[in-house]
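Chemist: First to last, the sequence lines map onto chains A and B. Counting in the working numbering, the first sequence tops out at residue 422, every number present. Counting in the working numbering, the second sequence tops out at residue 1313, every number present.
Calculated directly from the structure, the hints in this document are not laboratory data. Please note that the accuracy of each hint is not assured.
Stated by the list, open to error - With a Cα cut of at most 27 angstroms, we get these calculated BS3-like pairs of lysine-lysine:
(1) A/Lys393 - B/Lys1058
(2) A/Lys348 - A/Lys319
(3) A/Lys310 - A/Lys232
(4) A/Lys294 - B/Lys1180
(5) A/Lys294 - A/Lys183
(6) A/Lys183 - A/Lys310
(7) A/Lys393 - B/Lys1100
(8) A/Lys232 - B/Lys1130
(9) B/Lys1141 - A/Lys96
(10) A/Lys244 - A/Lys218
(11) A/Lys357 - A/Lys89
(12) B/Lys1100 - A/Lys284
(13) A/Lys348 - A/Lys294
(14) A/Lys96 - A/Lys84
(15) A/Lys327 - B/Lys1058
(16) A/Lys327 - B/Lys1130
(17) A/Lys190 - A/Lys218
(18) B/Lys1180 - B/Lys1058
(19) A/Lys190 - A/Lys213
(20) B/Lys1130 - A/Lys393
(21) A/Lys244 - B/Lys1141
(22) B/Lys1141 - A/Lys284
(23) B/Lys1130 - B/Lys1141
(24) B/Lys1180 - A/Lys284
(25) A/Lys190 - A/Lys357
(26) A/Lys294 - A/Lys400
(27) A/Lys294 - B/Lys1100
(28) A/Lys84 - A/Lys95
Claimed, not checked - Here are the in silico distance ranges between beta carbons for each label pair:
(29) B/Val1288 - A/Ser322: 35 to 41 angstroms
(30) A/Thr398 - B/Glu1148: 47 to 53 angstroms
(31) A/Asp187 - B/Trp1170: 55 to 61 angstroms
(32) A/Ser322 - B/Lys1058: 24 to 30 angstroms
(33) B/Leu1123 - A/Glu55: 19 to 25 angstroms
(34) A/Thr376 - B/Asn1119: 42 to 48 angstroms
(35) A/Glu55 - B/Lys1058: 44 to 50 angstroms
(36) A/Lys366 - B/Leu1123: 46 to 52 angstroms
(37) B/Lys1058 - A/Pro356: 33 to 39 angstroms
Glycine included, C-beta positions come from ideal geometry on N, C-alpha and C.
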Amino acid sequence: MRVSRSSFVSRIAPGLAFVALLGLAGCKDPGTASKGGAESGGAPTAAAQDTSGSEIKIGHYASLTGETATFGVETNEGIELAIKQLNEKGGMLGKKFRVETQDDQSKPEEAATVVTKFSNDPQIVAVLGEVASSRSLRAAPILERAGLPMITPSSTNPDVTKVGPNIFRVCFIDPFQGYVMAKFAHDDLKVTRVAVMHDQSSDYSVGLANVFKEEFAKMGGSITTDVSFNSKDSDFRGQLSQVKGAEAIFIPGYYGEVGTIARQAREQGIDVPLMGGDGWDSEKLVEGAGGPGKALENCYFSNHYSKDDKSPRVQEFVKAYSAAYGKAPSGLAAMGYDAMMLLADAIKRADSIERPKVREALASTKNFPGVTGDITIDADRNATKPAVILQIKGTEFTYKATIQPPSAAASTGVVKQAASAR
Amino acid sequence: MQYFLQNVINGVQLGSIYALIALGYTMVYGVLRLINFAHGDVFMIGAYVGFYAASAMKLQEQPTLGGALLQLIPVLFLAMVACAVLGLIIERLAYKPLRKAPRLTALITAIGVSLFLENGGQLLFGADPKFFPSVTPQGPKGTIRIGELIISVDQLVLVIAAALLMAVLWYIVSRTRIGKAMRAVSHDADAAALMGINTDNVISFTFGLGAALAGAGGVLFASLTYAKILPLLGVTMGLKAFVAAVVGGIGSIPGAMLGGLLMGLAESFVKGAPAIGPFEPSRWTDAVAFVLLIVVLLVRPAGLIGNAAPEKV
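With these hints in hand, go ahead and build the complete structure from the sequences.
Modeler: In structure tokens, the structure reads:
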């Protein structure tokens, strides 16, 4: 190659510029856009609501495709089942329910685009979505400004509902999941030395990891190490070389990478139980871990409900869902169902589809009998409810334990610590 | 010491994949002075071809290594052929018409081809992840223990397969007629044409060869180390492999191999480094790759063996 040094650099310069660009794009952490300013252009002035339509139109933004596609698809199935049942009973206020579901491709920026569309639609009464906290955080400020009530079925990051008085959730929050797994590890697994692996690019993962560490230490256990990974990475062996020696590993990630981590952990001779949060809840989880009975066998994760729950309302839901979709409902499907049913309940109590009245009714929800437990909306618009621990057996997630929320005083304590830990 | 060696093993394994992809970048740069940004996406296509082939052949976990290899080799071969064909098509449709155009035009076209493959991949394969079935023995059966040190059969197979592929490449480049022609074109394309070498054919061959290596890398990667396949898989892997090629000295084949290994080792050591107080090195893994690039370019602008090796392809 007859290339002098300077001309080599000039030849390669455009390439390097491209690299830099890509690097910047890669750094666009979904979490950083959590507060305000999420969408470009001026804030949409709340389009005056039009309540004259013959339908009660609900918006739903969901990851129907992309990295966490099963989240959106399953949630949507839950919502559609709820709508079907509501309409079979004649709808409400003389109108039928209709959900308009839009795909956000598992991308926070797409979520912002989709809800901007919703906020400009005068027919929409309220919006449901998202599962992933990074996407809910991106969408919530837009809906808040438009005065549209939003209910997230399963975004567990505490910041989501802090966006404003129109943002609600029907799930518990990260601090509670961190607390639940810490309690389970301490009381049921009876382990004292636990390692943590968290995804640094995910608000959800960082939140769970922080509370887990704090709560577990408070119960007298010790955290051997806390390493971070990036869910886009392909190789977790480096991190795994550090977690050796722990009696259990807490990995609050999403189902896509957890399987790979588990495979690589087993291959490295780490055979202790792995634990996670509701991000593990997917029919694809076990497939990614090499199949049933393989790397994730007998591991545990916290979830919103168990289909093995014997209570009639759970069994009725499982039956209806299985009949409609030919498979057992995941926790996310149950959350979608509950979110829609809770919204319908609020509309009924408000006796109106005017957005402010629906918001008031949502805020005053007490002991709503959901599939995922009795839901009470607290002053911070979060749901207070129990969590379950599931154990992975083959392709099934079997019920292991129920963990109740700590007493009211303690639970606010947990929440406060989480806030200060962030 | 055990900790050090474990990270060396992990790093060599990761580095072999980077090296396989980096070779494609470096060979194309050698003959065409073009950075083929679509190369990382050819790697992704290789992984998908492997996945679909493995699904069609109903690949399952084998109790023995021999059985696993017997299943994996046809898949590997199929992906290499498919990617070689794809490489030829890309070269013929996207780059050949621009042979006489300014270099920047070709570079921008390369970015376009890359975006086309990424988004086309999302359309064709779907954006939700696919999981490669595990073929090799897993668990205790699949690991070799030397004292505290753990080497998985997967890692061993991957490194050996990568080494074999690189040996074949070395043979083609240095011992065959077409390899000689590649070296001649790389040295001086005009003079090579005057000597009666069909430079267009040589360039096409180089593209095919590089793409086949990327395809092999894709299958090895998906089947032996990382089960999850996404249409955007090639972005990060391609970028890091490109950095590896530049660090080693773009245009130089041994440079790409060295750069790949170096990147793999650096990444593995940073990921595996224990926290120093509140500072967690594992957070900085990707930054390290680019710091390495900047340092090497500052000290040796032509890459580690960019100038030292007179023989280029």
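Chemist: Could you work out which earlier hints the structure fails to respect and list their numbers in ascending sequence?
Modeler: Failing hints, ascending: 3, 4, 7, 9, 12, 13, 18, 24, 25, 27, 29, 30, 33, 37.
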